[in-house]
Amino acid sequence: MPRTDFGPPYYGDMLPPVIKRNYGKWAYHEILRPGVLKHVAESGEEVYTVRVGSARLLSTDTIRDICDLADKYCDGYVRFTSRHNIEFILSKKENIEPLIAEVKAKGWPVGGTGSCLSNMVHTQGWIHCHTPATDASGIVKAVMDELYSYFEEDKLPAKLRIALACCLNMCGAVHCSDIAILGIHRTPPRVNHEMLAKVSEIPTVVASCPTGAIRPNPKLKSVDVIEERCMYCGNCYTMSPAMEIMDPENDGISLWVGGKVSNARSAPMFSRLAIPYLPNNPPRWPEVVEAVKHLVEVWATHARKGERMGEWIERIGWETFFKLTGIPFTDKHIDDFVFSVPTFRTTVQFRW
Amino acid sequence: MPKMVLAGIEIEVDEDGFIQDPDKWNEAVAKALAETEGVTELTEDHWKVINYLRQYYLQFGIAPMIRKLCKETGFTLKQIYDLFPSGPAKGACKIAGLPKPTGCV
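Residue numbers (this note's numbering), protein chains in the order written: chain F, 436 to 787; chain R, 439 to 543.
Incorrect hints may have been included.
[To be verified] Going by beta-carbon spacing under 8 Å, a handful of chain R positions derived as facing chain F:
{"hint": "1", "residue": "Gly-499"}
{"hint": "2", "residue": "Thr-540"}
{"hint": "3", "residue": "Gly-541"}
Worth flagging that the hints you see were computed from the coordinates, not collected in a lab.
Built from N, CA and C at the ideal position, the CB exists for glycine as well.
If we strip away everything but chain R, and leave its shape as in the complex, we get:
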């Protein structure tokens, strides 16, 4: 596994840049990951999505479905794409430090 220096700490990432250990995540790491996904500034709206994903993952052990994410944060899917250009999975989940989405993506 390759390693990346994110926010001053060395973290293991996979070939798509998802961090391998969810426990190593913190806000500074999120900022560093955001830069790799074309998000230059994490606004309040960004944090609303990231914190929701993070909280849901810690509580249930899975990433929420898109419908759930939209309903709970109040953003439409289009707005989520405006915030995270590479989308809720590759963009928002990566920045929130969740495991890489699997299945026939």
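Next up, chain F with everything else stripped away, as it sits in the complex:
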């Protein structure tokens, strides 16, 4: 029998000695410049962190490159952040500049701290998943290329968190990000009646539909989709390979804004719909990139210092948000799912 159930290796074994010595005894920290942090312990010991962007999907060769840099400057210690950035932890201040020079020579960006745009949390896309409505890595590359300077420079009103999910399973953080890019379908699934009963469980498929649009069809030993009730979530395809929903012409992207998870200043918020549909346009997705850049710029010009996207919108009101961004407000923006009433306006307070 192979050895099983032994869990991940103990993280304490992989901490740099300076972190281990001062664990739980940190006094304060500073951001020396975008991408470089300094933490000072109660003992007076200092530790420097250089944060480097990564593409998340990495080859073992790249990981070996990262290890080589860690061996050279950090005694072999390195970590990844919860947004897939690489953090080199240095105990010697004089190592910062040579490390940054070497990182930059490889073409990797240093930044992502403070009021910067950090890395984009994203998903599998066409690389690996079977339910996506769009790609992940491709759009992330296109968007980050355009917003590169926001990663490297501290020039935004507050933190900017952009996330991407390639279908509305929303793996990751799209439901709670300042700007969220989400793949959507716009056509109902195509039922393969011959295959359905063989490869899936009919009751499970029926129960998977949030709007009750799927009914069993005992005669065909299959199911029927009531198309007027279907809003193309694709959940039935997750449950049954016989409910194919992908459609290259009509699949695309929706943009959401104003989510956050921290409790700083205001409570955590869900992101809400800003743009219902943009086409899939690989390899650079110019429409999506343009729309995201525009949202960032409008927010950066109008928000107060420290104001996240959602807090800014809440202060100015959604009608002003749509006016300032020039995004047309459509029927698609009006919530119509089960308990939608609280999202309607129940006051006469509004701006013309």
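Based on the hints, put chain R in the right spot on chain F.
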């Protein structure tokens, strides 16, 4: 779809070895499928699990939840793993000729 010869008959299977037509299943096919899952001998306990899965599927059209399987057969999940090393879904359901589990497995 690839085909496999199981117990002398040619049966369509998917890339994970789940049979594509539940109607083609019989005890001999189960024995042949068991070999692909590291179960060398189907004991009485194995059959208890397989027959329960099969019966539940034919009656309700779905595979039972793990809790239900454990409660009705009297085996703990650990015992099920002892019987079917690749687990109740990939092991027992495959041998019982049920459709492949779907969702975010």
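Status of each hint after checking the structure:
no., hint, result
1, Gly-499, "5 Å, holds"
2, Thr-540, "5 Å, holds"
3, Gly-541, "6 Å, holds"
Checked against the numbered hints given earlier, the structure satisfies every one of them.
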